[in-house]
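Student: Here's the letter readout for the chains.
Number of protein chains: 2
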Amino acid sequence: MSVIRLDGVTKYFGKKAALDGVSAEFETGRIYGLLGRNGAGKSTLINSVCNRVRINKGEISLDGERLQENDKALGHIYAMSEGVNLPGDMRISSAFKVTGDFYPNFDNEYAGELAKRFGLDVKKRLGRLSTGYRTIAKIIIALSSGAEFIFLDEPVLGLDANHRELFYRLLVERFIDSGCCMVVSTHLIDECANLFEHVIIIDKGKVICSESAETLLNEGCAITGSAAAVDRFCKDMDILSQSSMGGIKSVYVRGRPESVPNGLEISKPDMQQIFVSITGGQEGEGDTK
Amino acid sequence: MSVIRLDGVTKYFGKKAALDGVSAEFETGRIYGLLGRNGAGKSTLINSVCNRVRINKGEISLDGERLQENDKALGHIYAMSEGVNLPGDMRISSAFKVTGDFYPNFDNEYAGELAKRFGLDVKKRLGRLSTGYRTIAKIIIALSSGAEFIFLDEPVLGLDANHRELFYRLLVERFIDSGCCMVVSTHLIDECANLFEHVIIIDKGKVICSESAETLLNEGCAITGSAAAVDRFCKDMDILSQSSMGGIKSVYVRGRPESVPNGLEISKPDMQQIFVSITGGQEGEGDTK
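Residue numbers (this note's numbering), protein chains in the order written: chain A, 1 to 289; chain B, 1001 to 1289.
Worth flagging that the hints you see were computed from the coordinates, not collected in a lab. Bear in mind the structure is a predicted one, so any value in this text is a computation, not a measurement. We treat Cβ as the ideally placed atom computed from N, Cα and C, and that holds for glycine. Each statement offered as a hint is correct.
List time: in silico EDC-like cross-link candidates among lysine to aspartate or glutamate, alpha-carbon distance up to 16 Å:
#1 249/A - 1265/B
#2 16/A - 1121/B
#3 249/A - 270/A
#4 15/A - 1121/B
#5 268/A - 214/A
Okay, the calculated bits of chain A under chain B, using three or more residues with CB under 8 Å as the criterion:
#6 35-44
#7 259-268
Please model the complete structure; the sequences and the hints are all you need to start from.
Tutor: In structure tokens form, the structure reads like this:
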């Protein structure tokens, strides 16, 4: 098992701390959800780990070895980030090759196979891709990188529902085959939630929650049914968050009642409900960059 | 009432028809959903209307006047597209001003107010924004443009759940205040569906559905409940698509049964279910650019 450790990592952009004393661990053999609102610091965290931004304080290490400016250790980490970081006139097939130069375990054959499954023409130039297909090119490179640690920043940006579904399947397949560490940062929490073994939530540059998904999901329960019946049954409970779909309402409450009336259903809460209850529902929080 | 009309619009990229004989209408006083899988041609359609790509065949007009290379008519149309189309070192406040030069009804005060609500610092440079905040800057400019026709291509790209919610509210407010035409292209169909009055679905460059949301929602119904009960009740029905959330299953069936057993609920299908049933569930379809 390998582990990346962040210890008191702080990063300023101007006067604003994008990361404010962040400590966290990422182990191989696990899939992490890295969650937070826009501007919370998720991308800065990922960019710090892979040395794309220089941190102001703290330490980041891989198996005890300092990561900053350590090319050998950084070769174990692939971070799919917002930008493409390759020239726009480069063809996708060349992007595969160039990545292979830095990541000796890059699997060119697998990358080609994924391109086929997503309907991505590898003769295309990176700069000519739509948002959705640019994301697809980036996730193919990340999944094929062969790195021990794969950070995926918004891996479903611009993807249609079918392509998102395909990506989730491939991520799990790749994880099982390689036993690597996957860290997924996303705003489509519900769709990804059942992938996560561990969830790290950051807010205004600080880690405000780091728990196993199991623990989080067992702190409360969801009660689901027709809106009126749910409201009636839950009126004296500690309601942490709520959501609805059509006439059906689902509320996330602390604890777990022993039984529910006929017509209502009791189940684990969904991750979006938990996230909302932890981060609150304020409007804009400000960008950190 | 003003109307944009597309008549047999065809656009090739190389040998591939990104748009293949597209005819459609967009009227003021309506919100349209423009739906399609990755690479279906949605962005090309929007870019054709605002003259950012030159079409190969067909005609696009505004109230009977040809739109191509007609700057006066194009001044009634604002299209928020994938790119920012402004220099990366420009500050957001300057981007507001520049847009005001082209769109005389641009509401600078409203733009500033929206920036505050989203937590966007208008002194920031466009090129320094995260994906989410870049989208926020673009939607603020679009909603403030004062144009009669506002096309929004992926307006929630990279937005967290709270910011998406805020955007949907603002869109409706602005629509009610102005009576303009809004055209929203998105992959997060469920979240947007109740905004749409009319839905246009394109697939491989062709319009395969153009219906009022009302009509689409009444062609079938959704039956929702615990997965086992739903499967039992619907086993002999014509199932058009299905989805689940936790232990809840919802299937979209043709027609509408007169009653359902206790514990099941019958309701209008959701737009994602309808979209999936119309476009099928194949894997990659290929990019058109």
